[in-house]
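Novice: Protein chains in written order, with the numbering used here: chain A, 18 to 323; chain B, 440 to 712; chain C, 665 to 918.
Think of the hints as simulated: they come from the structure by calculation, not from any bench. Even glycine gets a Cβ: it sits at the ideal position worked out from N, Cα and C. One should not assume that every hint holds.
Derived Cβ-Cβ restraints for the label pairs, each shown as a range [as the list claims (entries may be wrong)]:
hint: 1; chain 1: C; residue 1: K780; chain 2: A; residue 2: H225; range: 33 to 39 Å
hint: 2; chain 1: C; residue 1: K780; chain 2: B; residue 2: A603; range: 52 to 58 Å
hint: 3; chain 1: C; residue 1: S844; chain 2: A; residue 2: V149; range: 57 to 63 Å
Computed far set for chain B versus chain A, every beta-carbon distance over 10 Å [as the list claims (entries may be wrong)]:
hint: 4; residue: D454
hint: 5; residue: Y471
hint: 6; residue: Y499
hint: 7; residue: F540
hint: 8; residue: F545
hint: 9; residue: L557
hint: 10; residue: P586
hint: 11; residue: L589
hint: 12; residue: T642
hint: 13; residue: L655
hint: 14; residue: V691
hint: 15; residue: E695
hint: 16; residue: V699
As a list, the in silico DSSO-like pairs of lysine-lysine whose alpha-carbon atoms are at most 30 Å apart [to be verified]:
hint: 17; chain 1: A; residue 1: K235; chain 2: A; residue 2: K317
hint: 18; chain 1: A; residue 1: K318; chain 2: C; residue 2: K891
hint: 19; chain 1: C; residue 1: K897; chain 2: A; residue 2: K235
hint: 20; chain 1: B; residue 1: K548; chain 2: C; residue 2: K891
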Amino acid sequence: MAPWQLLLLALLAIIVALAFIAGWFEDLESEIGSQSNPNSQVQLAPQMGVVHRFFNKAISGEPALYAFLGGTAGGLFVVFWQGFHLHPLIALPLATGLTEVFHVTCAFNAHTSRIASASTYGHPLYMDVLLVHLPLIAAHGFMAVTAITALSYIFYTSIVMPLVPEIKGFIGYPVVIPALSLMLGITAGAIGSSTGDLHYGAEREFQHVPFGEGVPMKHYGYITVYAELGVRNSMDIVWFCAKLGGVMTGFTYGLILLLDNFRLLTGNLFANVAINIVIGALVLAILFFLNRYIEVWSRKKFGPYS
Amino acid sequence: MVHSPANPPPKVSIDPKKIALVAVPVSLVGVYSGIPAIAAVLALPAIIWGADAVRRIASYGLGTGVPSIGNLAASIGVISALVGLKYTPALGLAMGAATGFIFGHFVDKFKILNIPHLRRFATELAAAASLALMGLMEGIAKLGHAPLVLGTEVFSDMAVALFAAGFAIPIYWATSLSMFHPYNVSLGAAERQGRTLRVAINTSGMAITLAGVFRLGYLAMINQWGSMFEAVLIVILGVIIWAYGVFEVFRVCKRESASVVWTGVPPRVGGSK
Amino acid sequence: MIDPLILILAALIIAVAGVLISVGTILLPIGGAPAAMATATGLATGTEMMLAGSGITGLLMAAALYNQPGWIIILNAGISSAIMMSVVMLIANVLIVLGKGIPPALAMRDKDPITKEDVKQYVTPGTVGHGVPTACFLDGMVGAFIAGVGGSITFLTVFKLATFKMVLGKEQINILEIFSPLVGIAPHQVIIPIALAVLVSLGLFFINANITAYMIKGVIEGWWDPKFKDLPKAAITCFIVTLVFGVLVSLIAL
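For reference, chain A alone in the conformation it holds in the complex:
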């Protein structure tokens, strides 16, 4: 194989690896700060009289937050790379580091304001919860946003200004970097919200509800506050969910980008777009039958509710 073909395969591999990291850390960041759908329970808890020590970060849904972070990081990256002509490897952490200042402000607003709005139920504002979790939120967000911005840089330059001119036109999206990282951020947020949050909300938040059944509404608001060692805080949640929920979210995002770019690359290499459609239809059929298999397997193994 010619060296430029190997370079294309290497690009595909690094795209999938970065997508995996982006998905994984996106889910973990939404758990260290308790964001989006399972956060509705953390917000409901004071009304039921349950005092907790979780960080109540309710900035918006995850896709909306990651669109903001991705877009800001992409824009700042363009300012440093194309504006001040810094090397991309220096511009990238600088841009994402500055983005984290925005992120931490929003998280701070969220926690203090929500606790102040819950003052009718007498929930205290724990200062140590605020101060300990903010740097952790920044750290997890930094990893996720760096991966997303690096991905958008690779996609943009592979098609518009590649270092090796033979690979022009085979892989990548000709969308400007701020827009691309905003869109990849929305996708990462939507994926993390629908897959990783299931592990957090159904399992870890209601750990005292029996394994093997759904959570009926009578348990809403009564979240697990005491844990393995003393009082639970959001760091205990991240430790648990990093093992299943986070990994599966990263796997989802990596698989989606792999399938999409594989279709694009194969169609471009053979210069025949009908291949895209055929591969796409085949992949859809395989996914449908995999889902059917999981459904039948689980019903046979777990049996009806008893």
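Here the structure of chain A is known, so what remains is to put chains B and C in place on it, guided by the hints.
Specialist: Quick look at chains B and C alone, frame taken from chain A:
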């Protein structure tokens, strides 16, 4: 601290009509003036007006739909802002308000949402979004200091900054976030307009700072190092507004929380474990 | 100056794309906040955000294939969106089954509409189903496909109009040229039209998905859900608002 019971109608410390009466002329003058620093910084009243409109719509029970109303307003706002920058700013404001009115009219007619005065609120929200976006986009992309009465001749230059470098898209989302974020983080039984609008100050500070940094990058890209002073001014003013907002929010939240303690152990309650 | 006929035709095409996005939104199986606690069937996200996530995957594929004929772009974008939605639903099922130990089940019907199996025995009492059963999976795949098609039609229209005006400098535009391939244009020449088209498509996704989401009010299972009958109301509202939006967009792009 003692707080009033949870269900009075939303009390206001500042009359909404006064906010609108201040925001429309101030931001419109900022856009027409054609000086980018003034246009960007005078987007502040428009964002606060938008955050107040979101608060009025969403307090009738949108729940998790608060980010969506912000996105909707910003989507209408960005396109009418681009029309306004291409033709004339008053046209952009009028088209934004008209689209918001049409949206409110049909949503109310088909009973998709049951919110009283939805037409007025939706018009205000869309108009606020288009004013804010016109000001911020002009702050990023306008070169020269001539007043912006008829924009056609400067629009193609602005399109380079906004679309070739791609700065229009993050600023669109930052404006959307700065409008829905204040109400979304203050959702709860003891929500109060004064505290919500203080959060709006700090999010608009974020949007103005972002516009300033984008302007710095744009000027550096086209090698116009002489006009950098203005961009640095926008950044400094944005950071001052942002920091003031953060300190204000912290002071007010400490005063209004049930209790502020360094640490503690929650009492055991039946039902949770 | 701007030809009013082209303006109206472009706005009509964008309005039809908006109705397609609305139809796609209402077909997605969304459980909202309860689904994250395994209390409702479907995906645990807000409606408009899930739609934006899958529509954007289709939009990226449309941008990559910018110089192909119209029907190829539209079909590929739809398939990309459907693949994204299918993978997400599959992994959500894996997490529910292995992470919490529950089989997927829906609660609005006694028998699954596609496989005709009895599902009532698998639902936990006190909940309205959990996971993504086969009927919801098919629903989601078709809904994402339609939404991808709608988004890429908008992208195509705005991109081609802006390219004709800004890059090729054409004065007379035939509306059917939107669906024909572009020859000999390098990627670095079309950056500005693609960015404008992406911004407009994003705005369109959010407007239409939000109107439909307000009607759904958070939880919908599929085409058998009673809320599905309200589709015409949302579709008409989306058509009118998108028509106005399309007029504004054509004023910018032309």
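Novice: Against chain A, does B/L557 keep a CB gap of more than 10 Å to every residue?
Specialist: At roughly 22 Å from the nearest Cβ of chain A, B/L557 sits farther out than 10 Å, so the non-interface label holds.
Novice: Measuring from beta carbon to beta carbon, are C/K780 and B/A603 in 52 to 58 Å?
Specialist: holds, 55 Å
Novice: With a cut-off of 30 Å on the C-alpha distance, tell me whether B/K548 and C/K891 pass.
Specialist: holds, 18 Å
Novice: Verify this label for me: B/L655 is non-interface relative to chain A, using a Cβ-Cβ cutoff of 10 Å.
Specialist: Non-interface label fails for B/L655: nearest chain A Cβ at 6 Å, not farther than 10 Å.
Novice: Would you check whether the claim that B/T642 is not at the interface survives, using Cβ distances to chain A and the 10 Å cut-off?
Specialist: About 8 Å separates B/T642 from the closest Cβ of chain A, which leaves it inside 10 Å; violated.
Novice: Would the pair C/K897 and A/K235 pass a check requiring their Cα atoms to be no farther apart than 30 Å?
Specialist: Not satisfied, since the Cα-Cα distance of roughly 34 Å exceeds 30 Å.
Novice: In terms of Cβ atoms, is chain A entirely out of 10 Å range of B/E695?
Specialist: Its Cβ does come within 10 Å of chain A, the nearest being 4 Å, so this is violated.
Novice: Can we trust that B/Y471 is non-interface, i.e. its beta-carbon lies farther than 10 Å from all of chain A?
Specialist: holds, 26 Å
Novice: Check whether the Cα positions of A/K318 and C/K891 lie no farther apart than 30 Å.
Specialist: Violated - the C-alpha atoms of C/K891 and A/K318 are around 33 Å apart, more than 30 Å.
Novice: Does B/F545 really sit off the interface, with its C-beta more than 10 Å from all C-beta atoms of chain A?
Specialist: holds, 25 Å
Novice: Would you say B/D454 is clear of chain A, with no C-beta pair closer than or equal to 10 Å?
Specialist: holds, 22 Å
Novice: Does the structure keep A/K235 and A/K317 at a Cα separation of 30 Å or less?
Specialist: holds, 28 Å
The structure is inconsistent with the numbered hints 12, 13, 14, 15, 16, 18, 19, although it conforms to all the rest.
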